[in-house]
Structure formats: C-alpha cells, structure tokens
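Top to bottom, those sequences are chains A and B. So our numbering is basically just the index in the first sequence, starting at one, shifted up by 5. So our numbering is basically just the index in the second sequence, starting at one, shifted up by 82.
Treat the hints as calculated values from the structure; they're not laboratory data. Heads up, some of the hints might be wrong.
Claimed, not checked - Keeping only pairs whose Cα atoms sit at most 30 Å apart, straight-line, the calculated BS3-like set for lysine-lysine is:
1. B:139 <-> A:45
2. A:107 <-> A:27
3. B:153 <-> A:46
4. B:140 <-> A:45
5. A:41 <-> B:104
6. A:107 <-> A:45
7. A:24 <-> B:187
8. B:140 <-> B:153
9. A:41 <-> A:24
10. A:57 <-> B:139
11. A:46 <-> B:140
12. B:187 <-> A:107
13. B:187 <-> A:46
14. B:139 <-> B:150
15. A:107 <-> B:153
16. B:124 <-> A:57
17. A:45 <-> B:119
18. B:139 <-> B:153
19. B:150 <-> B:187
20. B:119 <-> A:46
21. B:153 <-> B:187
22. A:46 <-> B:139
23. B:140 <-> B:124
24. B:187 <-> B:140
25. A:57 <-> A:23
26. B:119 <-> B:187
27. A:24 <-> A:57
28. A:45 <-> B:153
Owing to the predicted nature of the structure, the values given are computational and were not obtained by experimental measurement.
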Amino acid sequence: ETGVTQTPRHLVMGMTNKKSLKCEQHLGHNAMYWYKQSAKKPLELMFVYNFKEQTENNSVPSRFSPECPNSSHLFLHLHTLQPEDSALYLCASSQEVGGDEKLFFGSGTQLSVL
Amino acid sequence: GENVEQHPSTLSVQEGDSAVIKCTYSDSASNYFPWYKQELGKRPQLIIDIRSNVGEKKDQRIAVTLNKTAKHFSLHITETQPEDSAVYFCAAARAHRDDKIIFGKGTRLHILP
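Let the hints inform the model, and build the full structure from the sequences given.
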C-alpha cells in the first residue's frame, strides 16, 4: 500500500492497559508527526520527528511515548491513559520538517479509553 | 504563538450553491495558508494552499482569498456537489524549517440535496 498506513484502525483500552499505535509511510519522507483529533477542537500536534530525531514535544503527558526507529516507521506507546485521551490519533509525514510542508495523513486510530 | 480561528463550525448549503468558510490568524509573520479536507471516516488531505505573496488562488471550483492586512483568509467552493460534504480545516504557518502548522477547529460542510 502506498501513502501512510496506520494500525490498528480502532482500539479500546482500559486505563491500566499498555498498547501501541503504529504508523508506516511509503513516501520516502524524512519527517513524521503524531496529531490528536478531538471533537470540536483543532488538530493538535503532539510530536515531530525529523530523520528519526524528535524535534518537537508539544507538552504531551508522559503517558504518551513516541518511538521512531527509522524514517519510515513511527510508534506511539500508550500507558495508563485517561478517558479524556479518547480521540482519533493521526499520523502524518512530509518531505521535510517545515511550516509550508504538505502533510500526508494516515487514516488514523480511533482510540477509546474506558 | 499563532492562533487560528475558523467560522462557521457547521455550514449547510443547497447543492449547486456556493459555500464560504472564513479563518483569521494572529501572527503577522505567517505566510503560508493551507486548507485540508477530511471526508467522513477518511484522512485529511490538502486541497489548496496560498502564500502571502498572492491575494487569490483558484483550482476549478475552489478558491482561496487572503487579506494580509486584516489577517484573514477564506475558502470559496462554487457549484457545490454532494462530494464536497466534509470537514474543512484551515491552517497557518511560517514557511520556515523550524515552524509548525497551526490548524483551525474545522468546519463541517453539509451539501443538501
């Protein structure tokens, strides 16, 4: 599959569970992002990786732990989440990091925390 | 930092009519303004963007206008069709390596038959 692929599409977890979200991009991009999309809120940038190095952590709680083993793969490890963390988590990539870079999004993981 | 306000949050228009979505931004240094469309259950996709060196850009039925003085920009969709039903996000950024895109809250557009 081309583009940006995210798994799983849906995830239900309890507050004490540990789970991981996976993102893979097949576009040869150097930058990858995690966004949180909640109802009636702007898309919130969580993390930015450029050439596997984290360049931005937008004051995200430590219960969210990103991992970028290479430029094509990005993970978001989840641990002891809260119900308010329920949202659509979108991965994106771009050729480079920059304000005017076109973002290519994945289809997202719809997360429900019980 | 940059703040992007988007209005309205919901918009319903009759098929064939025009739709306009408006955004304002706070950082006068912002010079890049993309619009993303997210259909129900699908990923957001860039549909059009404009840079601050032009006041208007068109691509078939969609157009974006920019007023730098007033710090607002708008998306115009003419001859709306059912497939235009989606959530539209405006955004603003500085075209700089270290900058990031700031999104508005989105507008849910319904095209009525």
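Checked hints:
A distance of roughly 28 Å separates the Cα atoms of residue 139 of chain B and residue 45 of chain A; the hinted pair therefore holds under the 30 Å criterion. For the suggested pair residue 107 of chain A and residue 27 of chain A, the alpha carbons sit about 21 Å apart, so the restraint of at most 30 Å is met. Distance check on the hinted pair: residue 153 of chain B and residue 46 of chain A sit about 21 Å apart at the alpha-carbon level, within 30 Å; holds. Taking the CA atoms of residue 140 of chain B and residue 45 of chain A, the gap is near 28 Å; set against the 30 Å cutoff, the hint holds.
Note on residue 41 of chain A and residue 104 of chain B: the hinted pairing holds, with a Cα-Cα distance of about 23 Å set against a maximum of 30 Å. Between residue 107 of chain A and residue 45 of chain A the CA atoms are separated by roughly 23 Å; this keeps the pair inside 30 Å, and the hint holds. Of the supplied pair hints, the one linking residue 24 of chain A and residue 187 of chain B holds, its CA atoms being roughly 28 Å apart against a limit of 30 Å. The straight-line distance between the Cα atoms of residue 140 of chain B and residue 153 of chain B is roughly 19 Å, inside the 30 Å bound, and the hint therefore holds.
Using a Cα cut-off of 30 Å, the hinted pair residue 41 of chain A and residue 24 of chain A holds, with the two alpha carbons roughly 16 Å apart. Only pairs whose Cα atoms come within 30 Å are accepted, and residue 57 of chain A paired with residue 139 of chain B is rejected, the gap being roughly 35 Å. At roughly 28 Å between alpha-carbon atoms, residue 46 of chain A and residue 140 of chain B fall within 30 Å of each other, so this suggested pair holds. Between residue 187 of chain B and residue 107 of chain A the alpha-carbon distance is near 19 Å, which keeps this suggested pair within the 30 Å criterion.
Proposed proximity of residue 187 of chain B and residue 46 of chain A is supported: the alpha carbons are some 5 Å apart, at most 30 Å. Between the alpha carbons of residue 139 of chain B and residue 150 of chain B the distance comes to roughly 14 Å, so the proposed pair stays at or under 30 Å and holds. Between the alpha carbons of residue 107 of chain A and residue 153 of chain B the distance comes to roughly 22 Å, so the proposed pair stays at or under 30 Å and holds. Distance restraint check for residue 124 of chain B and residue 57 of chain A: the Cα-Cα separation of roughly 27 Å lies within the 30 Å cut-off, and the hinted pair is therefore satisfied.
Proximity of residue 45 of chain A to residue 119 of chain B is assessed by CA-CA distance (about 15 Å); at most 30 Å being required, the pair is judged to hold. With a CA separation close to 16 Å, the supplied pair residue 139 of chain B and residue 153 of chain B stays within the 30 Å bound. The hinted pair formed by residue 150 of chain B and residue 187 of chain B meets the criterion: a straight-line CA distance of about 21 Å does not exceed 30 Å. Distance check on the hinted pair: residue 119 of chain B and residue 46 of chain A sit about 15 Å apart at the alpha-carbon level, within 30 Å; holds.
The hinted pair formed by residue 153 of chain B and residue 187 of chain B meets the criterion: a straight-line CA distance of about 17 Å does not exceed 30 Å. A C-alpha spacing of about 27 Å is found between residue 46 of chain A and residue 139 of chain B, which places the hinted pair at or below 30 Å, so the restraint holds. Between the alpha carbons of residue 140 of chain B and residue 124 of chain B the distance comes to roughly 24 Å, so the proposed pair stays at or under 30 Å and holds. A hinted pair counts as satisfied when its Cα atoms are at most 30 Å apart, and residue 187 of chain B with residue 140 of chain B qualifies at roughly 23 Å.
This hinted pair checks out: residue 57 of chain A and residue 23 of chain A have alpha carbons roughly 23 Å apart, not beyond 30 Å. Distance hint between residue 119 of chain B and residue 187 of chain B is fulfilled; the C-alpha atoms sit about 12 Å from each other, no more than 30 Å. With a C-alpha separation of about 21 Å, the suggested pair residue 24 of chain A and residue 57 of chain A falls inside the 30 Å cut-off, and the hint holds. Under the criterion of a C-alpha separation no larger than 30 Å, the hint pairing residue 45 of chain A with residue 153 of chain B is consistent with the structure, at around 23 Å.
Of the hints listed earlier, the one the structure fails to meet is number 10.
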